[in-house]
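So the sequence lines, in the order shown, correspond to chains A and B. Number 51 in the numbering used here belongs to position 49 of the first sequence; there are no gaps in the numbering. Number 19 in the numbering used here belongs to position 17 of the second sequence; there are no gaps in the numbering.
Since copy identity is lost for identical chains, a pair holds within one copy or between any two.
In the PhoX-like style, the derived pairs of lysine-lysine whose C-alpha atoms are separated by at most 25 Å in a straight line are:
#, residue 1, residue 2
1, K22, K91
2, K117, K22
3, K117, K132
4, K187, K117
5, K152, K187
Simulated from the structure, these hints should not be mistaken for laboratory data.
There are 2 protein chains.
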Amino acid sequence: MSKIITISREFGSGGRELGKRLADAFGIPCYDHQIIDMIAEQYGYNKDYVSHLSESSITTFYPSTIGRGFASTGFIMTDSVEIAGAENKIIKELAQKGDCVIVGRSADSILSEMKPFNIFVYADNESKIKRCRDRADKNENFTDSQMLRKMREIDKRRSTYRSMFADGKWGSKENYNLLINTSGKEIKSLIPGIVKYIECWMNQDK
Amino acid sequence: MSKIITISREFGSGGRELGKRLADAFGIPCYDHQIIDMIAEQYGYNKDYVSHLSESSITTFYPSTIGRGFASTGFIMTDSVEIAGAENKIIKELAQKGDCVIVGRSADSILSEMKPFNIFVYADNESKIKRCRDRADKNENFTDSQMLRKMREIDKRRSTYRSMFADGKWGSKENYNLLINTSGKEIKSLIPGIVKYIECWMNQDK
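Okay, chain A solo, but in the shape it has when bound (with noise of 0.2 Å):
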């Protein structure tokens, strides 16, 4: 059985280093950004523009000063449908090329013909906004409610976002195979515990 996992994750909660750490203990390729550059590549956008349209509503606020240079209002519908379509395609030949885990962009979804090892990760808040202020830049200096709507802001359009573009909803559990609470953990002494309990799953259809 092919050794597909995806990622789904609240703002906060160590999904990506998560996703990562999974990867490297599996010695596989883990893809998060790197399909925002892909696709920027491929179809000639800015790298903001797209990771901003990314998992996020088409209506959506964003300054006019990013895109393909040319962007301007009219474009916002078109530019993320059409981003939406290059994620799903860039998605689908990353899993073909062989076995790997896939942070965000509803790859649960897009992959559910491959049947993926499919994670959600999530969190307290009290916990996100420890793992925020630790990993913030030093000059950022928000108060804990400011940080906690702008987790919820965008938590809200990963959530709209798949909606959108993807059958389900995100974050309920009927998705998942399994649902991780890191409130208060290392999402680093976790692994070998995912690693076993994928292991015993796959196996199972061996």
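Since chain A is already given, all that's left is putting chain B on it; use the hints.
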């Protein structure tokens, strides 16, 4: 760190089997129906009556032929509250005695101060129906839709019971440390992975 594990589960998801096997793997006791027996014994109730009122809404219809012998509609409210109180007390006593697995009965909420490891077990309808059929009495002759309705009724009772006597929403990921989708899987083969994950999770607190 004490090893107190609680299992909440959708009907037919294999949660009870998972709890039993997990307890065996750790060499600790698993409490499930024993809690009903203890309440019935200590409080002088009929076992079926306790089983019915436990994890059930107090407004649910129940046959008047069961109960304390002298049960009548007027007793339902009082009995439900008494049974919930007895469950609360017994579950706390069992957990204080030592490491254990407790299946159902909102133990995750009742024991929240002890910080147990809380698991929610669920599955898709197809798997749950199959599991129920495999274990059903030979004379049972439900159609799939009848079985689904029965499963939903039981889960609804569990959910209502939780909302009446415990904190947090039944099945909501916030209340659990790990949510396990058993769809299409044999419980037995997943156990080593769950054991390893719990060990990783608990070792971090040492």
